[in-house]
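> Build out the structure end to end from the sequences listed, making use of the hints.
Protein chains in written order, with this note's numbering: chain Z, 1387 to 1691; chain S, 10 to 425.
Treat the hints as calculated values from the structure; they're not laboratory data.
Check each hint, because a few of them may be wrong.
So, partial list: chain S residues that the calculated Cβ filter (under 8 Å) puts toward chain Z [said to hold, decoys possible]: (1) Gly181; (2) Leu259; (3) Ser403.
Residues of chain S clear of chain Z, computed beta-carbon distances all greater than 12 Å [what the hints assert, rightly or not]: (4) Ala187; (5) Ala280; (6) Ala407.
On a predicted model such as this, the values are computed, not experimentally measured, just so you know.
Where is the CB? At the ideal position from N, CA and C, for every residue including glycine.
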Amino acid sequence: MAARKPVRWHIGVFLAPAVLVYTAIMIIPLFGTLNLSLYNLDGQNRIFVGLANFVTLFGDPRWSGAFWNALYNNFWFFLIHMIVQNPIGILLAALLSSPKLRMSAFYRTAIFIPTILSFVIVGFVWKLILSPIWGIAPGMLDAVGLKALFAPWLGKEEYALTTLALISVWQFVGIPMMLIYAALLSIPDDVIEAAEMDGLGGWAQFWKIKLPLILPSIGIISILTFVGNFNAFDLIYVAQGALAGPDFSTDILGTFLYRTFFGFQLQLGDPHMGAAIATAMFGIILVGVCLYLFGIQTRLRRYQF
Amino acid sequence: MTKTFRFALLASTLLGGAASAQDVTLTIESWRNDDLTIWQDTLIPAFEAQNPGIKVVFAPTAPAEYNAALNSKLAAGSAGDLITCRPFDASLELYNQGHLADLTNLASMANFSPVAKSAWQTDDGAATFCVPMASVIHGFIYNKDAFDALGLAVPTTNAEFYAALDAIKADGTYIPMAMGTNDQWEAATMGYNNIGPNYWKGEEGRLALIKGEQKLTDPAWVAPFEELARWKDYLGDGFEAQTYPDSQNLFTLGRAAIYPAGSWEIAGFNAQATFAMGAFPPPVAAAGDTCYISDHTDIAIGLNAKSPNAEAATKFLEWVGSAEFATMYANALPGFFSLNSTPVEMQDPLAQEFVSWRGKCQSTIRSTYQILSRGTPNLENETWNASANVIRGSETPADAAKRLQDGLASWYDPQK
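Listed below in structure tokens is the structure:
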């Protein structure tokens, strides 16, 4: 009889720190929030109400109106990131990885720097740039004779959210750029050489050889963008305040959650409804990530070199 | 091993505690971050000189975050000993939850009239939980130099008000009125609740609204929105994205002629503006009409019920209720008018102008603060949004009023 396999203690030992920290600061609070959403106050006592908070959130016209407005705005925010940030990130990465480009390290750093800035600085600086009173945007447009194009974008219902999304794109375009750049660098030279031997160059080479090889990275970027956008809060709060003006046109799930959970001005906080919104956000992100993992990730073709 | 370690930790905290036990440190929670230097340089040294052994720290939060931050701190038990109280329901709720101590028996409470205390009492008036500090008065501050240069008289009626605005606009040197809608609250506080009392007749309308005898869709409550809608043409370019500090700067830099104001601006404006300033109360419909002003009981200070330094904190509160504090505070912060029954001599001419309206106009408080902002949707917060929408022109006055009324009626029984 063969000797029993030794117990592999090291697995547990190496997993323990991450498991403990994650359990303490992520998993327990997450279940605490899910649990909180099933309770409400009856006078001064906390009582179990089942799904009543969710019935209010989706059934009451005011709550559901605010929720769907925030969700719609959030999708628009995400869409702008997907159609502006990620293509630009890929384009920048493709340019950077071109061996003919000079000073690519400088461009790489310069484009990545906004990512490490605080939201407060980004929000404040852009508010100043776009300010109709002190901003440099009206002056710059005036210098090229396009003053007529200027509008107080952050104060107009129809533009404010798109403007904020583009500010966020400006801040975070460095992340897809870096990830794609790394993916492009990892393509072996012999594959590229083989393509060149077969007469593929320039755009055709990018579309037929490089793009299929970086698709898994694009997938990861998309899901990171999705999770990041549906958890977003800071930029809107800094630029427009918790009421997400004008007229809630920049209200996303994060600001809606903040107003409800912590209260605002004379509105007192309601942790139970807040937890219900947080649970709904968790559900939306979970569904989105699952769709990606099972619908797209498993179908992506991977290449081994 | 761990036990020894824990004891060592515990012992060190005890020692640390013992070392500083001679001095009690009181922490004040406040939203008045603009007043930090006045507390540190004037008010706190005066108190500390009289009360050796008590140290006071003024620890303000940004105004927009104050309520949320304070509620979280109180719930977590990490809030300061002294709590600056918002008027009416926000503080009443804190008292009901047991976060604020009952101060009814404080000796200095005798220095305040029932009206002064009403903002920090239970509905039946049985318990008072904050020591009243000050009220703020709404009106308009104007650039005297600009008015003189254009030969304009100070408007008293609505017609004169718009005539002055038209004249300033036609001249083109100044932006007629400095206000933006980005931060929303100015539109409601310095717009709707500033001019409104003249239409709903101050306390008469406010109390009728609470009793359910009037509705927000009544002409008296829609009229202020109709006026706000007219303001749009007199605001600066791009006012939609103009923030509150932008408006303050536009006025103090001398680029705007009229500023819809609260008296709390006086200290800051005196420091910033290089021109002469004056003030006028909200204009009335016809000459000779009774004028109404918003004289809002705005700020008070209470005791955190869980404070370990209750004795020292009570001493501090007695001092806040004294005539000495009232004089010091009202002069250090012109524009925050003392609620103390002892008359306070004020040096600042602009502050004197504001307070003189108490003699000729009827005082009221902001219509949305008492009782009507207890539910969801919150009437005060909705009014911010509605006022900003009306000024921007994205909602008609009638629609805005109807939305507010529907929201109020959805939870407030007397309005159903």
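> Look at each hint and say if it fits the structure.
Outcome of the hint check:
1. The criterion of a C-beta within 8 Å of any C-beta in chain Z is not met by Gly181 of chain S, whose closest approach is roughly 17 Å, and the hint is violated.
2. Using the Cβ-Cβ criterion of 8 Å, the hint placing Leu259 of chain S at the interface with chain Z is satisfied: the shortest such distance is roughly 7 Å.
3. Because the smallest distance between the Cβ of Ser403 of chain S and any Cβ of chain Z comes to about 6 Å, under 8 Å, the interface hint for this residue holds.
4. In this structure Ala187 of chain S is not separated from chain Z by more than 12 Å, as the shortest Cβ-Cβ distance comes to only about 10 Å.
5. Distance check for Ala280 of chain S against chain Z: the nearest CB is about 20 Å away, which clears 12 Å, and the non-interface claim stands.
6. At roughly 17 Å from the closest C-beta of chain Z, the C-beta of Ala407 of chain S stays outside 12 Å, upholding its exclusion from the interface.
Of the hints listed earlier, those the structure fails to meet are numbers 1, 4, in rising order.
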